[in-house]
Amino acid sequence: MRILERFSGSVASTTAALELPAPANLSRRAFLQGVGGLAVGVCIGPALSACKPASAPSGGGSATAATVFEPNAFVRITPDNRVIIVAKHLEMGQGTYTGLATLAAEELDADWDQVSVEGAPADAKRYGNAQTGGSQGTGGSNAMASSHEQMRRAGAAARAMLVSAAAQEWKVPVGSLTVSKGVVSHAESGRKATFGELAEAAGKQAVPETLVLKDPKDFKLIGQQKLGRKDSSGKTDGSAMFTQDMKLPDMLVAVVAYAPSFGGKLKSVDAAKARAITGVVDVVQFDGGTGYRGGVAVLAKNTWVARQGRDALVTEWDDSAALKLGSTELMAQYRTLLDKPGAVAKHEGDAVAVLAKAGKVVQAEYEFPHLAHAAMEPMNCLVQIRDQDCEIWNGEQFQTVDQANVAKLLGLKPEQVTIHQLYAGGSFGRRANPKSDYVLEAVSLAKAARAQGHKVPVKLVWMREDDMRAGYFRPMFLHRVRAALDKDGGILAWEQRVIGESIIKGTPFEPFMIKDGVDHTSVEGCFEHYAAANVHIDLHSPETGVPVQWWRSVGHTHTAFAKESMIDELAAQAGVDPFEFRRKAMADHPRHRAVLELAAEKAGWGTPLKPGEGKARRGRGIAVQESFSSIVAEVVEVTITDGKLRVDRVVCAVDCGLAINPDVVRAQMEGGIGFALSAALHNAITLDKGAVQETNFHTYTPLRINEMPVIEVHIVASPEPPTGVGEPGVPPLAPALANAIYAATGQRIRKLPLVKQLKA
Amino acid sequence: MLKLNVNGKETVFEGDPSMPLLWFLRDEAGLTGSKFGCGMALCGACTVHLDGQPTRACVTPVAAAQGRAITTIEAVHTDPVGKNVQAAWRKLDVVQCGYCQSGQIMAATALLKSNPAPSDADIDAAMSGNVCRCATYQRIRAAIHDAAQSAPKA
Ligand code: FES
Ligand code: FES
Numbered sequence: 001m002r003i004l005e006r007f008s009g010s011v012a013s014t015t016a017a018l019e020l021p022a023p024a025n026l027s028r029r030a031f032l033q034g035v036g037g038l039a040v041g042v043c044i045g046p047a048l049s050a051c052k053p054a055s056a057p058s059g060g061g062s063a064t065a066a067t068v069f070e071p072n073a074f075v076r077i078t079p080d081n082r083v084i085i086v087a088k089h090l091e092m093g094q095g096t097y098t099g100l101a102t103l104a105a106e107e108l109d110a111d112w113d114q115v116s117v118e119g120a121p122a123d124a125k126r127y128g129n130a131q132t133g134g135s136q137g138t139g140g141s142n143a144m145a146s147s148h149e150q151m152r153r154a155g156a157a158a159r160a161m162l163v164s165a166a167a168q169e170w171k172v173p174v175g176s177l178t179v180s181k182g183v184v185s186h187a188e189s190g191r192k193a194t195f196g197e198l199a200e201a202a203g204k205q206a207v208p209e210t211l212v213l214k215d216p217k218d219f220k221l222i223g224q225q226k227l228g229r230k231d232s233s234g235k236t237d238g239s240a241m242f243t244q245d246m247k248l249p250d251m252l253v254a255v256v257a258y259a260p261s262f263g264g265k266l267k268s269v270d271a272a273k274a275r276a277i278t279g280v281v282d283v284v285q286f287d288g289g290t291g292y293r294g295g296v297a298v299l300a301k302n303t304w305v306a307r308q309g310r311d312a313l314v315t316e317w318d319d320s321a322a323l324k325l326g327s328t329e330l331m332a333q334y335r336t337l338l339d340k341p342g343a344v345a346k347h348e349g350d351a352v353a354v355l356a357k358a359g360k361v362v363q364a365e366y367e368f369p370h371l372a373h374a375a376m377e378p379m380n381c382l383v384q385i386r387d388q389d390c391e392i393w394n395g396e397q398f399q400t401v402d403q404a405n406v407a408k409l410l411g412l413k414p415e416q417v418t419i420h421q422l423y424a425g426g427s428f429g430r431r432a433n434p435k436s437d438y439v440l441e442a443v444s445l446a447k448a449a450r451a452q453g454h455k456v457p458v459k460l461v462w463m464r465e466d467d468m469r470a471g472y473f474r475p476m477f478l479h480r481v482r483a484a485l486d487k488d489g490g491i492l493a494w495e496q497r498v499i500g501e502s503i504i505k506g507t508p509f510e511p512f513m514i515k516d517g518v519d520h521t522s523v524e525g526c527f528e529h530y531a532a533a534n535v536h537i538d539l540h541s542p543e544t545g546v547p548v549q550w551w552r553s554v555g556h557t558h559t560a561f562a563k564e565s566m567i568d569e570l571a572a573q574a575g576v577d578p579f580e581f582r583r584k585a586m587a588d589h590p591r592h593r594a595v596l597e598l599a600a601e602k603a604g605w606g607t608p609l610k611p612g613e614g615k616a617r618r619g620r621g622i623a624v625q626e627s628f629s630s631i632v633a634e635v636v637e638v639t640i641t642d643g644k645l646r647v648d649r650v651v652c653a654v655d656c657g658l659a660i661n662p663d664v665v666r667a668q669m670e671g672g673i674g675f676a677l678s679a680a681l682h683n684a685i686t687l688d689k690g691a692v693q694e695t696n697f698h699t700y701t702p703l704r705i706n707e708m709p710v711i712e713v714h715i716v717a718s719p720e721p722p723t724g725v726g727e728p729g730v731p732p733l734a735p736a737l738a739n740a741i742y743a744a745t746g747q748r749i750r751k752l753p754l755v756k757q758l759k760a
Numbered sequence: 001m002l003k004l005n006v007n008g009k010e011t012v013f014e015g016d017p018s019m020p021l022l023w024f025l026r027d028e029a030g031l032t033g034s035k036f037g038c039g040m041a042l043c044g045a046c047t048v049h050l051d052g053q054p055t056r057a058c059v060t061p062v063a064a065a066q067g068r069a070i071t072t073i074e075a076v077h078t079d080p081v082g083k084n085v086q087a088a089w090r091k092l093d094v095v096q097c098g099y100c101q102s103g104q105i106m107a108a109t110a111l112l113k114s115n116p117a118p119s120d121a122d123i124d125a126a127m128s129g130n131v132c133r134c135a136t137y138q139r140i141r142a143a144i145h146d147a148a149q150s151a152p153k154a
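So the sequences go chain by chain: S and E.
Here the UniProt record's numbering is used: position 454 in the first sequence is 454, and no number is missing along the way.
Here the UniProt record's numbering is used: position 145 in the second sequence is 145, and no number is missing along the way.
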């Protein structure tokens, strides 16, 4: 998902308090209907601690349920003085639960310790994302940008109603009351009441028509350096609930045999050996469809038994319609397009003609492999189909899309599909699949199981190997850039051809995100923020049959590498320091330049690196990229000894507007850098005759702690509206690293992953 | 029939003795804090303690745990070192998605029990079997040092 517009409001950038219309009230009845699914006796909250009795209205109108104060879709206050924030976004590690809670709790003047968070169910009317046309989902690093005003208003409305309840009860003017840390006080009389004590009376107050939001100088929680994540506790004692951990009465677990190549079809299956395993309940063949795989599922109560059963199946596959090519052949096909003009993404001046006449043209090709997301929790999904409805438990990143796709498959209406939110053990984009692949697979499987008499909840579980080979990879890309300098050492012309599979074609996003044959996500971030009079960028989007998808920071994963590598080559050509070259070429973009300068300054750019021991060679590289409206610059320090690379240190500067939770911002930069480093150093999905060769973490090797550099993060103080941090830490890493290797050794690496390219 | 001691409680298991301990814990004993990440001893998400030794539950037959004390993340707080580690993890907000963190905490606790003041190199050596795809490694290092420093002096 890509944000196509910047936040248009001005709440955080203004220094004056604002008057805004209040959020629509929601009746308690509608609320209870909305959370009706909670009353199945199973904890589906984000953590077990969120399932204390008062937070789970039973639908039976219990006394506690009746006194929960619930002024809008996002805030609930219980009589036992807990503030529950309902998060419309998936928590997959990026800290969004903490961010959303901070925003609401700020305006509420709640005590941070009384605040907990629950995931919202699928319901676009209440939990739609304004930045993606009202559909509910998480992506494009836009949770804070899309929510910061909404969540503050939700908190402010609740606060106003609590205050007016106290005023009414104490018969004092509203203006004489103050609120701090979850307590409403009347200074004159010394009266005090907690939110919990006021909850019932607050529920009887009218929803305010106008709200006064805080002046940013009065923020107590927003911007605080160390607030404490709301999910730390449950994630350090084993109680946090992931889809993998869900168990419902009579639930069966399914492990599936799939075709080895994309597009393969089942020819025959002999399940006798599988059925003979103690504990195997049944074997179910189920259909694939557009965007999702079918296969043969083995059902059992225990995951291990299901897996044993799956491994005992004897299957034959029909490969006649399957993908036959390997990665090498696909890249060779890409190469045939290098000299053919593509769909024009950007055209200013006349780069082609200028380059034809230019004295010295710097030309380079950059190659990128398919990449798997390889989230720590392999994909999974729990489904209960009934006659008139379907219930799903999932680390759910794409509610509206999944709801619609599931409804279509089952012949239901979207509102008959309930989706319960759980934590996701990572995603990096994988859990937001525009075709709902693993969700539909689980539903198709559950439907087939039901037809065989298993009217019980079914949990699809992918083994690591299934996850690695399921496709929906970051596409393979090839870029060619040709550029030349003008006589003053600026960029005269830039011509870029981008070749790679479209992640948008064939998805519901095609009408908005592909224009004139250009998939915006394939070229985003190609050549921006540097001055050049002549720029030409075009694109080929060959169809390969390999399922592809966005992967943390999407197009920027490759466009930043091509851009920032070529900029470095141009700096070398000009004989100018790479940082100074960028600074000068970014003269018209002060915000970008400031980020670049901050990273360089903190990294000690320009001062000599401490020399390595013996034959060790050391170097520093720099890169900068704006993505998802945030700007990040990184300086990487490396040591290379006998062809062995060590990444010592990464200094990162980020401008993400107002930093709601600075420590979460730092964590996302650290994590984004580590995630990017894993891919830059090691990772590639390799196809051979249409089959993925990598299976598990010994062949697709994730970064480990012994390879993790020291990371320093510096946040630009900014009053601008908040922008994303989940993805923007990723793009600058790989080019800064390649540039550091060049500085150390003189070797330009233009193909990822780079460890394989490194010369001894 | 196997007799097992899980988090100090005696329990029995009548199923396949070759089933990995992880699936006994998760699917039979209802202790879902230990995670499945790879099933091949490659990621450490399933790390538990057997008599205090960090062990990959995904490749350890449940029969091999008989007669030994099995400790999982759900009970690591009963060990003062484990409790300290959890506190350091919370203080530094190590977690992101959290899926690997039970295993990280179990591995870190075992490290600190055998080496109360580990260097960065010790930490790298002891913890490199535990993958974190969210790459929380910098904070893992810091939290281990923090727990080492805040350990009650014997
Ligand atoms: S699940 Fe046991 S090491 Fe990965
Ligand atoms: S916190 Fe997500 S894998 Fe470690």
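None of these hints come from the bench; they were simulated from the model.
Treat the hints with care, since some could be wrong.
[Stated by the list, open to error] These stretches of chain E come out as covered by chain S in the derived footprint (C-beta under 8 Å, 3 or more residues):
#1 33-41
#2 44-57
#3 98-109
#4 119-125
Quick reminder that beta carbons are idealized off the backbone N, C-alpha and C, glycines included.
Inset, instruction - Take the stretch 98-109 of chain E, compare each residue's beta carbon with every beta carbon of chain S, and decide whether three or more fall closer than 8 Å. - result: Holds, because 6 residues of the stretch 98-109 of chain E bring their Cβ atoms closer than 8 Å to Cβ atoms of chain S.
Inset, instruction - Confirm or reject the coverage of the stretch 44-57 of chain E by chain S under the rule of 3 or more residues with a beta carbon closer than 8 Å to the chain's beta carbons. - result: violated (count 1)
Legend entry - Check of the stretch 119-125 of chain E against chain S for coverage (Cβ-Cβ below 8 Å, three residues minimum): With 3 residues close enough to chain S, the hint holds.
Legend entry - Given coverage of the stretch 33-41 of chain E by chain S, checked by CB-CB distance under 8 Å (3 or more): Satisfied; 8 residues make the cut.
Of the hints listed earlier, the one the structure fails to meet is number 2.
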